[in-house]
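These protein sequence lines are chains G and F, in that order.
Numbering of the first sequence is given in this note's numbering, commencing with residue 1483 and proceeding in unit increments.
Numbering of the second sequence is given in this note's numbering, commencing with residue 1066 and proceeding in unit increments.
The set of hints was computed from the structure by calculation and includes no laboratory data.
Do not rely on the hints blindly, as some may be mistaken.
From the structure, some residues in chain F lie toward chain G, with a derived Cβ separation under 7 Å [what the hints assert, rightly or not]:
| # | residue |
| --- | --- |
| 1 | S1084 |
| 2 | L1086 |
| 3 | L1090 |
| 4 | G1354 |
| 5 | F1357 |
Chain G is nowhere near these chain F residues, computed Cβ spacing over 10 Å in every case [as the list claims (entries may be wrong)]:
| # | residue |
| --- | --- |
| 6 | A1069 |
| 7 | G1082 |
| 8 | A1099 |
| 9 | E1110 |
| 10 | V1137 |
| 11 | A1174 |
| 12 | A1237 |
| 13 | E1240 |
| 14 | N1241 |
| 15 | R1293 |
| 16 | G1312 |
| 17 | R1341 |
| 18 | D1365 |
| 19 | L1366 |
| 20 | R1374 |
Even for Gly, the Cβ is constructed at its ideal location relative to N, Cα and C.
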Amino acid sequence: MALLARSATSFGARGVTLTRMTRGRMALVGLAVVLALAVAALAAPSLPLGSPTAIGKDLALRAPTAAEPFGMDDLGRSVLSRVVHAYRISLAVAVGSVLLALVIGGCLGLVAGYAEGLPDQLIMRPLDVLMAFPAILLAIALMSVFGTGALLVSVALAVVYTPVVARVVRASVLATKIEVYVDGARALGATVPRVVLTHILPNAATPVLVQASVLMAIAILIEAALSFLGVGVRPPTPSLGLMLADGRGFMLQAPWMVVFPGVAIMLAVLGFNMLADGLRDWLDPQRARPGA
Amino acid sequence: MTYAARRLLLAVPLLFGMSLLIFGLMRLVPGDPAVVVLGFKATPEGVKALREAFHLDEPVVAQYLRWLAGVVRGDFGLDFRQNEPIGRMILDRLPVTIELTLLASLTAAVVGVPLGLLGGGRRGGAADRAALAVGLVGVSIPDFWLGIMLILSLSLWAGLFPSAGFVPLGEAPLENLLSLALPALTLAVSRAAVLGRLTRAAVLDVVHRPFVQYARAKGLGEGAILFRHVLPNAAIPVVTVLGLQIGYMLGGAIVVEMIFTLPGVGRMTLDAVLERNYPVVQSTVLVIGAMFMFVNLITDLLYGAIDPRVRRQ
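The following block holds chain G by itself, in its conformation from the complex (with noise of 0.2 Å):
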């Protein structure tokens, strides 16, 4: 119990000091990691890595070399180019539904939040119901009457995702039209769309910015589990989540197929994890309490 006394005692300044550092710390190599990763992935195909998709039966299953770090796979395809590669995918696919709720869930929060009444109830209660599946449900149902693809998967996930950026925007609008310098620009006759643009949105930037970054680390989880499910990318597109499941059946004699594409996609997520919690308590120590 010493140590709630401790903790009671030496919060001040060195303890808050010394967290925001580590946290600024965080959102740094959480940057650096998710910029690695999209570096390589975009500069893919002109790294020396070999053919991602190139078959070689006589290479089949062959362990991790110096030239081969990551092995070959069950038709003699290099796991580190195919990984590489997949990260194409996962971040394209993570990138792509992300933007599309911002932009979709963006405008919805903030129609609901700045109209209230009526608009708001017609937009936010059918967003519920989206909300009321869980995330991986809702997208498995949506695959399975769409088809599969990495088009569809971003599509997918976006669905997902819009109601989560609408209720956070639409919390901000409401948070910041009551504040006095928004009654001052009305004051001063500023139209609704200045109002809202200059005065409203911006302070909706920095709670979206944080829930972007997260919701970038469950799309890579859920791409990946779509695909590893068979109901996400289609083969022989390399992708993660694809990979595992074929690697799947050579655990055994072939761990490295089901070891390397995992540590990939864990790499990633971690990447967007430190970089939403670092953004978080950097760009608003305020908030960065519990549930945010």
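Based on these hints, arrange chain F on the given structure of chain G.
Frame of chain G, contents of chain F only:
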């Protein structure tokens, strides 16, 4: 109206909306649903029988109302592939999913909450840093990959646990627990991490509040402060998040049941999706969604019970 009654009433339109969404979604499947459901086995007679059985020739609204009326009575219709009532199939598989989810929730709470207390009790210390790191890595591990790794290391290499299959609780309780140990652990790890992170934040939020300082000033021991003042206040967000995590696990169960070949509702859903067996998908998605919603509802009610302020809002 009391808080509980209001929350319960709100659940009705939500359930209605969920049924509407699922029904509408399944009607968006391209092509004739009867042909799609029957797949390559479709014969003209089979298609005709199925169209009649599902009343596909009626207007969509009538189809929906008929389905809804059945669902309310627990009648989900017949699975055309197995020739078995869908409601029966769900009832058979539900105990597996529920047991898995409960075991995983228990594990997550037993690991996660003390982890958060350990970290939050001494902010910035070695234990806190370790708890933070464990939490961050924990939330980033894909559970389907963790499941594969556990099978590879603990069942295939070490031979400690069965790698697949399920033994019903009634038949052999010990084997039942063994068969669910790895699946429950797989589901629990990321949720324990979330709970740990949240418990830490909740404790930190409370430890420097004035009432804690007051309790200390009047000479209360640290143990009494922790258990009488800090924990009840920190428990509010923790209970909420525990509820959300149980709901999350219902979704996660789909993946975990698939990896460990457990005969639960999650795997039933996935099999139906892969076979394009839409009447079954429609039913299981609604059942899992409704369970998710009820867990969240119970969480809200508990939240109100712990924190009187919530009831007054």
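Numbers of the earlier hints that this structure fails to satisfy, in rising order: 1, 7, 16 and 17
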